[in-house]
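Taken in sequence, the protein lines are chains U and G.
To convert a position in the first sequence, counted from 1, into our numbering, add 3.
To convert a position in the second sequence, counted from 1, into our numbering, add 14.
Read the hints as simulated data drawn from the structure, not as lab findings.
Check each hint, because a few of them may be wrong.
Said to hold, decoys possible - Listed next, the in silico DSBU-like pairs over lysine-lysine satisfying Cα-Cα at most 35 Å (straight line):
1. U:Lys276 <-> U:Lys62
2. G:Lys38 <-> G:Lys184
3. U:Lys100 <-> U:Lys276
4. U:Lys276 <-> G:Lys101
5. U:Lys100 <-> G:Lys116
6. U:Lys106 <-> G:Lys101
7. G:Lys38 <-> U:Lys100
8. G:Lys184 <-> G:Lys101
9. G:Lys308 <-> G:Lys342
10. U:Lys100 <-> G:Lys101
11. U:Lys276 <-> U:Lys106
12. U:Lys74 <-> U:Lys276
13. G:Lys116 <-> G:Lys101
14. U:Lys74 <-> U:Lys62
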Amino acid sequence: MLAERRAAATHTDSALREPAWLRWTLIALVVLAMLGLIVLPLAVVMVEALAQGFLGYLKAIGDAETLAAIKLTLLVAAIAVPLNALFGIAAAWSITKYEFWGKRVLLALIDLPFAVSPVVAGLVFVLLFGAHGWFGPWLAERDVQVIFATPGIVLATVFITFPFVARELIPLMQAQGRDEEEAAVSLGANGWTLFWRVTLPNIRWALLYGVLLCNARAMGEFGAVSVVSGHIRGLTNTLPLQVEILHNEFNFAAAFAVASLLTLLALLTLVLKLWLEARHGDALGARAHRH
Amino acid sequence: MELLLQDLHKQFGAFSALRDIHLKVRSGELIALLGPSGSGKTTLLRAIAGLLPVDSGQIFFGARNATGLSLRERRVGFVFQHYALFKHLDVFENVAFGLRSKPRRERPSADEITQRVNRLLSRVQLSELGRRMPDQLSGGQRQRVALARAMAIDPTVLLLDEPFGALDAKVRVELRRWLRQIHDDTGYTTLFVTHDQEEAMELADRVVVLNQGRIEQVGTPDEVYRRPQSSFVFDFIGRGTQIAGHAANGSFRAHGQEHSIALPSGAGFEGTGLLSVRPHDLRLVESGRGLAGKVRQMRTLAGRTTLDIELAANALMVEVDIEGDDAKHMPERGAQVAIAPIAARFYQLPAP
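Turn these sequences into a full structure, and let the hints steer you where they fit.
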């Protein structure tokens, strides 16, 4: 199938051939832009992070506040990512298996977090749960703090990363249709068996792909989290916020050291993503593949 | 198991997918649901399976009213048009799926499952391929896995949706004979959907002809071919020509033709309608005693010559089969001829 796609691509090439100078100019422009805008900054992060030697690097990362930020970031991702995996599966399941009124609206709403500025998302939660927000007084009476605390950060992160899993699964499940599931039920499978033995195996790679992107964003989210966090050192600072604080204090080496962690996460995500696409591209479905 | 359908109706918006469906299937029968696309045959099959709820009517499996039962409770063996094999399970596990999905107290032991699956695999001649994945199989092999999987749950009825639709012609014919064999060995009451009349005629005990959501006729292949009860069935099953005209007193006058021709004796056709004739029931006759026409094409195959004759009256193209391939006894292309039926059917048209 890959070969076919390549053959088709080559075919298009020959049909829509621009003059050589134009092709090479365009390619050179793209390569230059990539080098200047993406590769160079990445390299700078790594170089600056190690500017004070490897020991300095370890010391910057071993700082108590930074360790707290790492812990908080991992905690938030550990809550937000599984939640959104569940939401994503549930949303994809209901949208592809059932017919109901308002389905299109729901489909559009799933994309809303992509369209809204993260700052606005953060503000919404402040308005809802902040001290002067709608539910603020009610929560305060019960001694529950959402804003400027971990729950707020989790909420903001869940909101921002909501679409990732659902967006991967919906087109795949639409393309797969219902035949296999109907077959399973006709053979006597109950809902549980159906999900674990038929549905999940069919979507597992796309699910992993969605989870991967969701996780990368959950750990890297700045805007929305910045609004609800309150920047309390060692308490409500996530990694991206910690980078900003260190940077604002002209502690560049430490800032870049912490930033390098996020960069490594990004690179790891990229590698896994490429591996998934190469190894299980057929099962990802975004490229609309069916036997 | 006996199957009884009473007065089934199904509506999709303004479109009537099923209307007044009555059908009784005897235990162990092999039934073809035959019709053009959009005739409701797949809808009917899915309604019997419980994949699609009907708007009204009753479905009985034996003495049990199955109308309100879910797909799962009906326990039908359904073979999907594109097989719907579980892609991530090997052939063995595909066939074992139904047994493993049973509630714990009904589930056979692991040994018994292995035995039963192996028996089924050998029945469908796939014993060697148990560890293959579905995408490593040919279309015909997939079809057989799907059938074995459906039979594994000891189904109440076997339902096959276009079982040979996705296969090439040669495999199709082989599988057809083989399916008949399996059916005779296992004795499951079986219904299959097809739009291919040859498939229906060769394979089925009885054929159910559907058109626009209604059953037009139910009968053995021979009955349906020899005594089609409607002009639709005549046209859909086998080759033939339908000529509009008026019949009275043992003669027939085609619209646009001046003189009448004699009808086969004892036909007793009356009124305005379609005179429907198979190619082998037409004969060349003296001019003036039949429908006038001109030979447009002729083909000879296996001792039989087929003439395409264009009628003078209405430019209708009529096929006539003549035994023999001796060119000396045949009219030439372009010759003026006359034809008359030795047997025919007549379907009255509703009065305008």
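Do the hints match the structure? See the list:
{"no.": "1", "hint": "U:Lys276 <-> U:Lys62", "in the structure": "holds (31 Å)"}
{"no.": "2", "hint": "G:Lys38 <-> G:Lys184", "in the structure": "holds (33 Å)"}
{"no.": "3", "hint": "U:Lys100 <-> U:Lys276", "in the structure": "holds (28 Å)"}
{"no.": "4", "hint": "U:Lys276 <-> G:Lys101", "in the structure": "holds (23 Å)"}
{"no.": "5", "hint": "U:Lys100 <-> G:Lys116", "in the structure": "holds (24 Å)"}
{"no.": "6", "hint": "U:Lys106 <-> G:Lys101", "in the structure": "holds (29 Å)"}
{"no.": "7", "hint": "G:Lys38 <-> U:Lys100", "in the structure": "holds (33 Å)"}
{"no.": "8", "hint": "G:Lys184 <-> G:Lys101", "in the structure": "holds (26 Å)"}
{"no.": "9", "hint": "G:Lys308 <-> G:Lys342", "in the structure": "holds (18 Å)"}
{"no.": "10", "hint": "U:Lys100 <-> G:Lys101", "in the structure": "holds (19 Å)"}
{"no.": "11", "hint": "U:Lys276 <-> U:Lys106", "in the structure": "holds (30 Å)"}
{"no.": "12", "hint": "U:Lys74 <-> U:Lys276", "in the structure": "holds (25 Å)"}
{"no.": "13", "hint": "G:Lys116 <-> G:Lys101", "in the structure": "holds (21 Å)"}
{"no.": "14", "hint": "U:Lys74 <-> U:Lys62", "in the structure": "holds (17 Å)"}
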